[in-house]
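A.B. asks: Below are the chains, spelled out letter by letter.
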Amino acid sequence: MTPVLVVAVTVTAALLALAGIASTLAGRRIGLLHLGGAALLEVLLLVQAVLAVVLLVRGDRPADTPTFLGYLAGIVLLPVAGALWARSEPTRWAGTVLAVAAGTVGVMVWRLQQLWEATGG
Amino acid sequence: MAEATGDRPAEERPAAAGGPGRVLVAVYGVFALAAGARAAVQLSTRFTEAPVAYLLSALAAVVYVVATVALALGGRRTALVAITVELVGVLVVGTLSLLDPAAFPDETVWSAYGRGYLFIPLVLPVLGLLFLRRLARRQASSWPSGGADTTAG
Chain A
25 MTPVLVVAVT VTAALLALAG IASTLAGRRI GLLHLGGAAL LEVLLLVQAV LAVVLLVRGD
85 RPADTPTFLG YLAGIVLLPV AGALWARSEP TRWAGTVLAV AAGTVGVMVW RLQQLWEATG
145 G
Chain C
10 MAEATGDRPA EERPAAAGGP GRVLVAVYGV FALAAGARAA VQLSTRFTEA PVAYLLSALA
70 AVVYVVATVA LALGGRRTAL VAITVELVGV LVVGTLSLLD PAAFPDETVW SAYGRGYLFI
130 PLVLPVLGLL FLRRLARRQA SSWPSGGADT TAG
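Quick note, the sequences are listed as chains A and C, same order.
Note that this note's numbering has the first sequence beginning at 25, numbered continuously upward.
Note that this note's numbering has the second sequence beginning at 10, numbered continuously upward.
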């Protein structure tokens, strides 16, 4: 759990959310830009998950480990679910669906960071 | 956040499982997941600390799951009931949690009107009810024989 990664995830998620909302406002379906953004977000989240698991195995334990693991597993699924769902939506609202997923990632990553910092010792 | 786009003018397509309804289902899905996961963790790891708050978390999770499924499949009456329960729940639990914080030692989704979740739990049922009303009106105007629930995947 490095702050750099958290910021990178937040920025990527925010840009993806903006791109999604923009395509809804423009009345367009999502394009390669959105799928690429979701893929980048997913890669960052997977790196973070691997890093967190390595730290957990080495003995760092957040105070609320079950919740931390729940967030860690859930957040990785979101860009995939959002992208798949948005692709199956043939209207301009596909972008907003993706934006909801991205916004959720942006919030969850900070909650994850909070949980990590509350170390149980 | 994304809910600001929910009030855009009506489209030509009949929207229950598509269009703006999808966005609503997406947000509901996120909350079903969030509330469900939170309740599962709370109930399984520290149920005895605050049984009432944790059972309310579980109730909230069930309501969100029912609302999500009903909205996704177009079960309008079920969605109406679930969303109404949700609105009452967030108002009652929100008020109680502020009046008597000791009764809610740990956060639930609905504590302080959903403050921990950017107040989305308070806004969501209102959007949901508005959406259902719009849907009912449109169906009433296009099918005079009555608005039977439509199922679409």
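In case anyone wonders, no lab produced these hints; they're calculated from the structure.
All C-beta atoms in this analysis are idealised placements derived from N, C-alpha and C, irrespective of residue type, glycine included.
Hints are supplied without guarantee of correctness; some may be wrong.
Label-pair restraints from in silico Cβ distances [said to hold, decoys possible]: (1) PRO114/A x LEU139/C: 18 to 26 Å; (2) GLU58/C x VAL78/A: 29 to 37 Å; (3) PRO27/A x PHE128/C: 23 to 31 Å; (4) VAL71/C x ALA142/A: 25 to 33 Å; (5) PRO27/A x SER150/C: 48 to 56 Å; (6) LEU139/C x SER112/A: 37 to 45 Å; (7) THR57/C x VAL28/A: 39 to 47 Å; (8) ARG86/C x PRO27/A: 29 to 37 Å.
A.B. asks: Hints first: check each against the structure and report whether it holds.
C.D. replies: Quick rundown of the hints versus the structure:
no. : hint                            : in the structure
1   : PRO114/A x LEU139/C: 18 to 26 Å : holds, 24 Å
2   : GLU58/C x VAL78/A: 29 to 37 Å   : holds, 31 Å
3   : PRO27/A x PHE128/C: 23 to 31 Å  : holds, 27 Å
4   : VAL71/C x ALA142/A: 25 to 33 Å  : holds, 28 Å
5   : PRO27/A x SER150/C: 48 to 56 Å  : holds, 54 Å
6   : LEU139/C x SER112/A: 37 to 45 Å : violated, 25 Å
7   : THR57/C x VAL28/A: 39 to 47 Å   : holds, 40 Å
8   : ARG86/C x PRO27/A: 29 to 37 Å   : violated, 48 Å
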